[in-house]
Amino acid sequence: MANELILLDTWVSPFGMRVRIALREKGIKFEYKEEDLTNKSDLLLKMNPIHKKIPVLIHNGKPVRESGIIVQYVDEVWHDKAPLLPSEPYPRAQARFWADFVDKKVFDAGRKVWVTKGEEQKSLMEEFIGHLKTLEAELGDEPYFGGEKMGYVDVTMVPIYSWFHAYEVSGNFSFESHCPKLVAWAKRCMQHDSVSKALPDPEKVYEYVLQLRKRLGIE
Amino acid sequence: MAKEIKLLGTWASPFSHRIELALKLKGLQFHYLEEDLSNKSQLLLQSNPVHRKIPVLIHNGNPISESLVIMEYIDETWQHQNPLLPKDPYARAVARFWAKFIDEKVLWTAFKAYNDKGKEQEDAIEEFSQQLKFLEGELKGKEYFGGERFGFVDIAAFFILQFLTVLQEVKEAELMTEEKYPVLFEWMEKLQGNEVVAGCLPPREKHVAYVRARRAAAEEAASKTKAA
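Protein sequences appear in the order of chains A and B.
Using UniProt numbering, the letters of the first sequence map in sequence onto residues 1 to 219.
Using UniProt numbering, the letters of the second sequence map in sequence onto residues 1 to 228.
Here chain B stands alone, though its shape is the one from the complex (with noise of 0.2 Å):
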């Protein structure tokens, strides 16, 4: 029965990755289309008219937004095939969890300590290492987040994370190092040995080119606002 799924992503987004990794495992064919997003596409301001913002997943036509629901739709709309999250009530709660830290906390600190400057990114250095070794302690004894198959939470972050590798390589920063958190280090690298997994992430030096290039845009941009 052929059904049709459309995703509207970009190539550099994280959240994007999320979801072509959440098709792929679920051996699901979709169609993949790229978002200018100074230019955004009709079908997109029509089926995100709240946020505007990608990934969006169309199926059949019905649209659904934000990365981490999206995910959770296909999870429970093809639940044959590489389940994302457990079936027990806690450890769906725990997932959820986790992968909201991710989203409003580890994120929003790392850009912080990677990108502000002074007390406010000592103070961010400071909460994102502590960020960081809660999800070491979480991970440790454990294959992946998800236990013995990586999952929901591995997903959520590991797309995360590695974005911020990127963009540590772009600030020459050492916040997040094989030697402090080597746990991290070696899920990380289990993943990125993962056919399926590499596949959605694009060329590094692609990524690191373009985020180094959006860096340097705000950065003007900012001292711009600070001068007028």
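For reference, chain A alone in the conformation it holds in the complex (with noise of 0.2 Å):
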């Protein structure tokens, strides 16, 4: 049967660059489709009406939605090349809590930090560090969250690093001073091909955040 995979992203998505880590792990050949989110897709309205949101993948004509679900989807058909989740129930869980985690607490400060300004902005960068550096301690020692290997929380996380520089940027800070390990985590994912080649130039980032701010009125 053909595999036909069509991957509606935008370059600076955190949330389709997970997916295009995945797929790229595994080896696995789709079609990369950059949407306007300003003028969306009949496509994209079409394959996902109820959020109308990237990343959406296209498998053999059927939607496959939400990054995190699309990477165990992924994992679950293409099992065989570079697992993504651990074989087993309970690191399986631990796996799920932690990407979980970096959904509800990480990515969702950090987004919080791009519309505001301010006290309230600096509160809100307290806790995203406050957040990273709990997962540096679910970290410890190992190389990945996935252990020797990365994995499913490796993949769910990493993408947000190419974020950093505006972070650092704009609240005139270094992360390096905050949380050092976890720093070394991402630069070692940035070597494996799959995420250099899935995450965008940061100062790329920096320049679309000043962007997004101006068009919200923030700055």
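By construction, these hints were calculated from the structure, which means they are not laboratory data.
Mixed in with the good hints, there may be bad ones.
As the list claims (entries may be wrong) - Pairs of lysine to any residue, SDA-like flavour, derived with a Cα cap of 20 Å:
#1 A:Lys105 with B:Leu45
#2 A:Lys112 with A:Tyr206
#3 A:Lys105 with B:His51
#4 A:Lys104 with B:Asp103
#5 B:Lys6 with B:Asp36
#6 B:Lys180 with B:Ala222
#7 B:Lys87 with B:Lys6
#8 B:Lys119 with B:Ala222
#9 A:Lys26 with B:Tyr90
#10 A:Lys81 with B:Pro89
#11 B:Lys100 with A:Ile69
#12 A:Lys26 with B:Pro89
#13 B:Lys105 with A:Leu45
#14 B:Lys117 with B:Lys226
#15 B:Lys6 with A:Pro89
#16 A:Lys104 with B:Trp108
#17 A:Lys112 with B:Thr109
#18 B:Lys53 with A:Glu138
#19 B:Lys105 with A:Pro49
#20 A:Lys62 with B:Arg149
#21 A:Lys104 with B:Ser129
#22 B:Lys117 with B:Val170
#23 B:Lys105 with A:Met47
#24 B:Lys105 with A:Ile50
#25 A:Lys105 with A:Glu126
#26 B:Lys53 with A:Asp108
#27 B:Lys140 with A:Pro49
#28 A:Lys62 with B:Leu68
#29 B:Lys140 with B:Tyr181
Small disclaimer: the values here were computed from a predicted structure and weren't measured.
Take the two lone chains and join them into the complex the hints point to.
Structural data, given as structure tokens:
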């Protein structure tokens, strides 16, 4: 059966990056379609009518939605290539728990930083760093969250590294001084082609953020 | 082979009810420990140091948190009886999508729709109505979200929607009605009529009284904050 894979995505989305990393780790070919979120394609609206969001992975015409769900789907269908989730139920549950933490705490606080300013932004930045420290403690001395190899949590978390530069310039601080182990982990992941190809140039991300804040009337 | 299962929960929480049902459907014996959330036990704080929330499942001393994560763990560990998720990867992805939709969208929009005021409430009411229509659309023509048998999405959705009917009663609102959402109501009644499912629900009067008291306390606290 021919495997037709189309990924609806945007270059700057950390959620989309997760899917790109997972597919490339497994050596799976796919067609990438860049969406203009100010002018969403008919295909996107048809494939994700409820949320109208990217990423959407269309596999032989059928849409899979929500980045974490897409990564798990890819891991289950192509289970014999570079498995991302552990094989045993308890470590799998731990991986899902931490991926959920990344979404609900890390990414959420990180996103809010961009739509606020002044004291509110400062306090959200502190919250964001606090969550990064929690993750750093969880990583411990392992090279990856997945242990010896990159796994589900690594793929879920590493995309935000492409946004670190933007945070650092805006907030005038360095992540290295707060969570050096996490920065080292991110650089380790970047040595993988699947990651370095998926993450955009941090300067471009910073320019994007400046434009976003202008558009929202924050700066 | 006796393995120890503990569930830390609260009698009023729909998230806790989900796990009770999942364990019962798998025919598992477990120790239920009622938590007092105003005075959390050492066991809870140690088992879920990150969120300090219930439910927490402790299996042979290993804690698992987050209700949907716990449900998948239960399903994967005890595969022989009443599978909760389908086997097909695409069907699993769809099930996970709907469970996430309920937790991350429906529940929070519903809170705003019932509790907020003014334009925010109006917008939330509109959005909640749209979300319920999506759920109806997904359920239409099927016995359950899971197909012939109820499963992961049914468990995730039922306790939340049932809780929302309690909130609705407290607020004396009529956002969810049988008239507007006949498919959803028929499905809820079917599940309510199931002995195992119903056994996980607290007595309705008690639940309504509890939510009423909680809402009153929240509203008082909010008005004090405004006045201060």
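Item to check | Unsatisfied constraints (hint numbers, rising) | outcome: 6, 7, 20, 21 and 28
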